[in-house]
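Trainee: Residue-level listing of the chains:
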Amino acid sequence: MPKKTYKLSEISDFLGGQLEGDPSKSITDINTLSEAHESSISFIYNKKFLKDLKSTSAAAVLLSEDYKEHCHKDFILVSNPHEAYAKLTQLFAGNIRENISTQNHIDSLLKSDVQIGNNVFIGKNVIVEDGVIINHGCYIGDDVFIGSKSYLHPNVCLYHSTKLGSGNIIHANSVIGSDGLGFAKIQNSWEKIEHLGFVEIKDDVEIGASCTIDRASLGSTILNNGVKLDNQVHIAHNCIIGKNTIIGAKTAIAGSTEIGEDCLIGGGCGIVDNIKITNEVRINPMTYVTKSINKSGIYSGGAVVLEHSKWLKHITIQKKHFDD
Amino acid sequence: MPKKTYKLSEISDFLGGQLEGDPSKSITDINTLSEAHESSISFIYNKKFLKDLKSTSAAAVLLSEDYKEHCHKDFILVSNPHEAYAKLTQLFAGNIRENISTQNHIDSLLKSDVQIGNNVFIGKNVIVEDGVIINHGCYIGDDVFIGSKSYLHPNVCLYHSTKLGSGNIIHANSVIGSDGLGFAKIQNSWEKIEHLGFVEIKDDVEIGASCTIDRASLGSTILNNGVKLDNQVHIAHNCIIGKNTIIGAKTAIAGSTEIGEDCLIGGGCGIVDNIKITNEVRINPMTYVTKSINKSGIYSGGAVVLEHSKWLKHITIQKKHFDD
Amino acid sequence: MPKKTYKLSEISDFLGGQLEGDPSKSITDINTLSEAHESSISFIYNKKFLKDLKSTSAAAVLLSEDYKEHCHKDFILVSNPHEAYAKLTQLFAGNIRENISTQNHIDSLLKSDVQIGNNVFIGKNVIVEDGVIINHGCYIGDDVFIGSKSYLHPNVCLYHSTKLGSGNIIHANSVIGSDGLGFAKIQNSWEKIEHLGFVEIKDDVEIGASCTIDRASLGSTILNNGVKLDNQVHIAHNCIIGKNTIIGAKTAIAGSTEIGEDCLIGGGCGIVDNIKITNEVRINPMTYVTKSINKSGIYSGGAVVLEHSKWLKHITIQKKHFDD
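Chains as they are written, first to last, in this note's numbering: chain A, 455 to 778; chain B, 455 to 778; chain C, 455 to 778.
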């Protein structure tokens with residue numbers, strides 16, 4: 455888990471910004487305005503967070519001229535706060551990609567009530583509880599926690615600091631804790647937003663083969679108790695999946711979306727980012743969900759099959775529009 | 455391959471059910487009503503199988519009050535037969551997740567006409583025919599059979615008891631034989647239905663990279679001769695794919711669906727469970743297939759691209775409905 | 455990298471064709487009519503390439519009676535040029551699947567400025583520049599090049615001859631260089647078209663977890679500088695992705711399609727083969743793109759979610775057509 459402390463002045467210098475406030479303050483992490491605490495640095499580049507700016511507990515805020523007058527905290531003035539945020543994540547990420555654990559700490563797990571397959575890698579500070587089974591070829595990054603009786607099928611990859619509860623089953627070749635898609639546009643390139651957050655999988659979760667669950671940018675991506683994922687499901691950074699929700703194969707859920715409890719989400723769905731789906735929602739397969747769903751019930755959206763000749767007639771309007 | 459024998463009385467006691475019939479009968483497996491033989495136990499929780507109940511050869515049937523009068527065989531009366539079935543699969547699955555093969559039987563394959571890459575794991579009772587090549591990092595579970603001249607690219611994972619024919623090519627990171635998505639809803643959680651079935655891949659099949667093919671709940675998931683899958687295809691439990699059918703990238707086929715011979719299925723399709731598609735059907739990409747297709751021909755369904763401003767007009771009705 | 459030379463007469467004999475021309479010509483590769491040079495053999499089985507036939511520099515062309523009179527070069531007459539092309543790719547592919555590198559050349563990389571994880575396989579003639587990190591379980595095929603400071607997460611698989619530039623990040627379980635989907639239909643089976651081409655990833659590219667990028671049939675699949683792929687993206691053979699383009703999770707791009715620079719392609723899209731999308735195009739998620747897009751702008755296509763009862767009304771026309 456990358457964790458460092460910087461003086462506010464160091465951060466301001468690193469970003470080439472203009473500091474208004476106490477340069478000697480110690481900053482221990484980056485956080486959203488609403489989650490920030492008194493040693494966090496936060497950021498704003500979108501008006502919808504203005505009310506969070508007013509109530510934030512952050513030690514300081516990255517911002518541009520537009521937001522300066524609304525800020526009652528120390529701040530660092532920068533021309534492009536999104537870019538500055540991206541660069542700051544890199545500072546806090548430190549050397550996570552400069553050195554890898556090549557020393558296998560597998561010996562630390564060789565107690566009688568844990569079974570480890572062949573060619574498994576165990577990073578440092580890994581905690582594994584009783585009855586855990588880790589099959590052939592798995593990679594367990596530094597600082598991972600695996601709760602009792604969880605079972606990892608072959609070639610599963612848990613990135614550093616992933617937290618797995620008890621009684622979970624993870625099928626082969628799934629990846630948990632990879633970086634979410636996050637980049638800030640700068641002039642002629644993309645600046646990587648390092649993902650400083652985590653993935654937390656609670657208890658009795660089953661994850662199918664070849665799923666991908668991204669770590670949060672800040673905070674955690676969370677799968678609650680009893681969640682069941684079919685194969686090739688993609689859960690983006692900062693999603694929260696409610697208790698006992700089942701998600702069909704190949705469904706993708708974009709960043710920061712929250713799914714309620716006891717939902718049944720069919721296969722092949724695409725659910726956009728930053729929305730919220732309430733409890734006991736059933737979504738049929740191949741549905742594109744573009745907004746929040748606030749009412750329990752059954753939803754559909756897929757474009758159903760037709761004989762090709764009839765489909766061609768059916769899409770006349772689309773074709774006409776496209777060719778205009 | 456898990457295989458055990460239980461007395462009917464043991465099963466009834468395990469499930470807390472009420473046995474009507476001969477407690478000393480030996481039960482060797484669980485099976486569907488139509489596939490059951492004289493030492494099978496079967497189950498019913500859906501009226502559409504009533505006619506199978508009449509003709510079944512099963513030694514006994516799990517059922518609730520509703521079906522009792524229709525059953526001419528021994529039966530175990532339970533309040534929730536779906537839950538009872540799930541629990542019974544766990545009994546028959548036995549300790550499949552309690553112990554893993556950590557002993558690598560790779561030495562048993564070191565004959566001159568088989569090539570094995572680095573960091574490969576070979577379970578017990580694995581049979582590999584002449585000319586097979588298994589690349590770096592593959593996992594071959596117990597009781598797997600691999601026919602002559604089949605070629606496994608790196609990091610392929612074959613779960614236990616998978617049967618692979620001759621002349622197959624399986625690209626990197628594909629997973630064959632993982633559990634299908636199957637759970638019985640009980641009060642506040644999901645009861646896992648253990649998948650006791652198999653995957654059988656016949657001859658001259660090519661499977662792309664990062665595909666997932668689930669084992670059957672009971673019986674087998676089958677890919678017939680000459681089937682070709684592109685990358686990231688998902689085939690659910692108990693599907694049967696006909697001879698020489700080609701399936702494009704990212705298509706998902708849900709449980710127990712049967713695809714005919716010589717079909718061409720485009721990429722990104724979603725095909726629902728328990729339907730049947732006849733021979734020589736071509737389905738264009740991104741189509742959602744919700745019912746059986748009984749006539750050869752070309753089918754489409756995708757919602758084609760529009761300029762966003764025109765799309766917004768096009769979906770006015772949907773938007774209106776959604777906001778109602 | 456498979457590379458062989460054959461006399462034109464050997465090729466003609468291998469294919470059972472009828473050679474018109476100089477049997478002693480040395481043929482070094484197969485190529486498209488437009489890319490062929492003076493020691494290439496090319497092929498034609500589609501009228502749209504007639505103009506390329508006229509201007510080709512190929513030493514000889516595989517063709518059927520239909521194209522004979524249009525050919526000013528040496529040719530080999532065959533009954534089915536697509537099948538002949540497929541067989542010829544197999545001749546040139548040679549023994550790529552007959553022998554694997556089981557000898558791990560990892561020692562050749564043990565210099566101080568390269569870090570290699572556990573259970574990594576390095577093929578022969580691999581070149582790795584300074585600062586590269588290759589994590590646990592990766593497979594690096596023969597003749598791969600990895601540019602400076604590129605970072606491979608665990609279980610990444612690079613097939614032979616893949617070329618990776620500098621500063622790339624590839625997340626866990628991604629596969630680069632697998633064969634594209636390519637088969638020629640012959641009477642009762644599919645003849646494999648061996649993929650003799652490459653994948654070339656330029657600099658500062660990030661590839662998410664469990665992506666698949668296929669090698670070209672001939673030539674190269676190319677991801678240009680600054681391309682960013684989310685998880686589970688599929689890029690088919692011979693695609694070219696323009697500079698700084700971002701592609702969302704689970705999008706699939708079919709063969710030989712070219713995407714421009716600075717595009718933003720949402721998740722869950724399907725883009726058909728052989729089209730071209732210009733620069734600065736934004737495509738919203740779940741869109742099915744069936745034709746080239748020549749104008750920058752925003753495009754959509756997904757079929758948005760409705761309450762199921764309303765969706766059933768909405769698709770009345772489709773249902774009626776389907777049941778006709």
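No wet-lab data here; the hints were simulated from the structure.
Note that this is a predicted model, so its numbers are computed, not measured.
Be aware that a few hints might be false.
No copy labels: a pair is met if it fits in one copy or bridges any two.
[To be verified] In silico DSS-like cross-links for lysine-lysine, where the CA-CA straight-line distance does not exceed 25 Å:
#1 Lys565 to Lys578
#2 Lys646 to Lys656
#3 Lys458 to Lys522
#4 Lys764 to Lys697
#5 Lys508 to Lys565
#6 Lys565 to Lys749
#7 Lys522 to Lys639
#8 Lys603 to Lys578
#9 Lys501 to Lys656
#10 Lys617 to Lys565
#11 Lys749 to Lys639
#12 Lys527 to Lys565
#13 Lys646 to Lys501
#14 Lys639 to Lys697
#15 Lys767 to Lys646
#16 Lys458 to Lys479
Trainee: Would you mind marking each hint as holding or not holding in the structure?
Mentor: Now the hints, each set against the structure:
Proximity of Lys565 to Lys578 under the C-alpha cut-off of 25 Å is found in both arrangements, the shortest distances being 16 Å within a copy and 24 Å between copies. Proximity of Lys646 to Lys656 under the C-alpha cut-off of 25 Å is restricted to the inter-copy arrangement: shortest distance 17 Å between copies versus 29 Å within a copy. When the C-alpha separation of Lys458 and Lys522 is checked against a cutoff of 25 Å, the pair qualifies neither within a copy, at 27 Å, nor between copies, at 68 Å. For a Cα distance limit of 25 Å, the shortest separation of Lys764 from Lys697 qualifies neither inside one copy, at 42 Å, nor across copies, at 28 Å.
Neither within a single protomer nor between protomers do Lys508 and Lys565 lie at most 25 Å apart by alpha-carbon distance, with minima of 52 Å and 53 Å respectively. With identical chains, the CA atoms of Lys565 and Lys749 are never at most 25 Å apart, being 49 Å at best within one copy and 60 Å at best between copies. In this assembly of identical chains, the alpha carbons of Lys522 and Lys639 lie at most 25 Å apart only when taken from the same copy (22 Å versus 54 Å across copies). For the homomeric pair Lys603 and Lys578, the shortest alpha-carbon distances inside one copy (21 Å) and between copies (23 Å) are both at most 25 Å.
For a Cα distance limit of 25 Å, the shortest separation of Lys501 from Lys656 qualifies neither inside one copy, at 34 Å, nor across copies, at 37 Å. In the homo-oligomer, the alpha carbons of Lys617 and Lys565 lie at most 25 Å apart inside one protomer (20 Å), although the nearest pairing across protomers, at 34 Å, exceeds that limit. Within a single copy, Lys749 and Lys639 get their C-alpha atoms only as close as 37 Å, which misses the 25 Å cut-off; across copies the closest is 22 Å, which meets it. Taking the closest pair of Cα atoms, Lys527 and Lys565 never come within 25 Å of each other, the shortest separation being 51 Å inside a single copy and 49 Å across copies.
Only within a single protomer do Lys646 and Lys501 lie at most 25 Å apart by alpha-carbon distance; the minimum there is 23 Å, versus 46 Å between protomers. When the C-alpha separation of Lys639 and Lys697 is checked against a cutoff of 25 Å, the pair qualifies only between copies, where the shortest distance is 13 Å, while the shortest distance within a copy is 36 Å. When the C-alpha separation of Lys767 and Lys646 is checked against a cutoff of 25 Å, the pair qualifies neither within a copy, at 45 Å, nor between copies, at 36 Å. For the homomeric pair Lys458 and Lys479, the shortest alpha-carbon distance inside one copy (14 Å) is at most 25 Å, but the shortest distance between copies (67 Å) is not.
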